Amino acid sequence: MASDSPEPVFNEVIHAPVRLRICGLLDTYGTVRFDVLRDTLGVSDATCSKHLKTLADHDYIRLDKKAGDGGKAYKVTWVRLTSEGKAAFQSHVAALRQIVAGQAAG
Amino acid sequence: MQSDTADEAHGSHWHGGDVPRAHGTPAARDGHDMSEALQALASLDTDRSKLASSYDRTRPTTVIWVAMVYGLLTLTYWMIPQAYLNRFHLPWNPAWIVFALLAVSVLLACVAMTLTAHAQGIAVRWMPPAPVTADRRYRIVLAAHFAVNFIPPILALVVGYVTDAWWSALAVAAFGAAINGLATYWELDAMVRTLKRRTIPQQDTEAPHGIG
Chain H
13 MASDSPEPVF
23 NEVIHAPVRL
33 RICGLLDTYG
43 TVRFDVLRDT
53 LGVSDATCSK
63 HLKTLADHDY
73 IRLDKKAGDG
83 GKAYKVTWVR
93 LTSEGKAAFQ
103 SHVAALRQIV
113 AGQAAG
Chain Z
52 MQSDTADEAH
62 GSHWHGGDVP
72 RAHGTPAARD
82 GHDMSEALQA
92 LASLDTDRSK
102 LASSYDRTRP
112 TTVIWVAMVY
122 GLLTLTYWMI
132 PQAYLNRFHL
142 PWNPAWIVFA
152 LLAVSVLLAC
162 VAMTLTAHAQ
172 GIAVRWMPPA
182 PVTADRRYRI
192 VLAAHFAVNF
202 IPPILALVVG
212 YVTDAWWSAL
222 AVAAFGAAIN
232 GLATYWELDA
242 MVRTLKRRTI
252 PQQDTEAPHG
262 IG
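Protein chains in written order, with our numbering: chain H, 13 to 118; chain Z, 52 to 263.
Excised from the complex, chain Z in its bound form:
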């Protein structure tokens, strides 16, 4: 949709140097300034909210990517005791399996970040947008994710030490994927909520009639 007006094209809609300020009484001018300032701040809220929908749109694929990466990482932890005890009786050093799994996980994470950034049109960044990091709800979700993040690796190490059954590998990988996928879903939910939140009150469009 092309909504650019001639004023906007010249970039001098409100206080531009070639456009005089509002005339009238000081009170009326001050009211005009406030209206302009509110309008400007509201436009920032609207744009931020509009672009936040790209996070919302890519949420399912992001969650799937994260689940895959963490599932593979949990499998890597399960593999550590197997490699240490050389349970598969491999002719070569079994630590290579661990390194290979780790490398694939990192590669998958890089591919996921690149594809997500490409889909969103926003470059990869390590920290979420500033309003999000300042949000209490997001920080709580992040802290919870950090805490539960340790459960799948510990569980995988213990299970991997106890058994080398294939289903145990599958179970811990699925557990790691589910825990982190769910936590990522909540993180993205908190992020989108924060980015869509208005920072200024909506302007009252109703004209005061002064009757009653």
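Here chain H stands alone, though its shape is the one from the complex:
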């Protein structure tokens, strides 16, 4: 479970721009549909899938494929952060904020 004030830990996997933005959206909005994620990020299907796979390989997100509307043949993918992913993302954001705050103080 992610705590309220996570320890700042820089995460190389999450820091990649698209992956950071994916985690940011999922952290705020919970479970989001693949097409909404892709359109919000403004990336292609392939790019989005690739980054989701990387995050899923690290157990930071979970992909759930559900049947489409009216039991159609295609599957709709829903994406959500795992508790591990949430903790890693929040620690990474804390690290980013620390960098900004450290520089500002300096």
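Derived from the structure by calculation, the hints contain no laboratory data.
Be aware that a few hints might be false.
Unchecked claim - No more than 30 Å apart at the CA atoms, straight line, and that leaves these computed lysine-lysine pairs for DSS-like: (1) H:K87 x H:K62; (2) H:K77 x Z:K101; (3) H:K65 x H:K98; (4) H:K78 x H:K62; (5) H:K62 x Z:K101; (6) H:K62 x Z:K247; (7) Z:K101 x H:K65; (8) H:K65 x H:K77; (9) H:K77 x H:K87; (10) H:K62 x H:K77; (11) Z:K247 x Z:K101; (12) H:K65 x H:K87; (13) H:K87 x Z:K101; (14) H:K65 x H:K78; (15) H:K87 x H:K98; (16) H:K65 x Z:K247; (17) Z:K101 x H:K78; (18) Z:K101 x H:K98; (19) H:K98 x Z:K247; (20) H:K98 x H:K62; (21) H:K98 x H:K78; (22) H:K98 x H:K77.
To be verified - Computed footprint of chain H on chain Z, listed as stretches where at least three residues anywhere in the stretch have a Cβ under 8 Å from a Cβ of chain H: (23) 112-125; (24) 197-205; (25) 229-238.
As the list claims (entries may be wrong) - Here are some of the chain H residues that sit facing chain Z, going by a computed Cβ distance under 8 Å: (26) R33; (27) D47; (28) T94; (29) I111; (30) V112.
Every value quoted in this text rests on a predicted model; they were computed, and no experiment measured them.
Note that beta-carbon positions come from the ideal geometry of N, C-alpha and C, so glycine has one too.
Since the structure of chain H is already known, use the hints to place chain Z on it.
This is chain Z only, laid out in the frame that chain H set:
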């Protein structure tokens, strides 16, 4: 719009393992790090704000759904005294009308949540996003909604006890719908405002010239 660059596709735009960090003096490198960190945090703000527009877009339909559900629930409260006093002289237990109205209200609420989630592409959740629950303005609106939430049922019970006129049922249902619809509108307004708010200052893009 496809804006993914080769760097982004590889996921190593800033600090990726296969890309060296910025070279130069420690001061310049620190400045570069801060710029990168600010850029990263700003991108999170931008995305959150972009997806918040889905709440804004579905606001009218959400308000209508909520008004319908609460209108029906208020009508259910109005019906309780009628059923208790068996004013309609029904041959069967009048409590079934209350249960039926309650069931329809719950069903309508479920349909509303499912359709809204489908339109937004965001799964149904009982709590609003974390930044929203932490917002003072939203909590005030929520507390106000909770407080006024009790008025329509109490009024409906009293009116239902006093009269069984059809217009009184219509009036209390409309009152319940209006109160809760308005409160939901304000809740969504506070939610969208919070989600669109920037958490970090905008980066100053103006280059310092050091003159003057």
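task = Sort out which numbered hints this structure fails and list those numbers smallest first.
result = The structure breaks hints 23, 24, 25 and 28; every other hint is satisfied.
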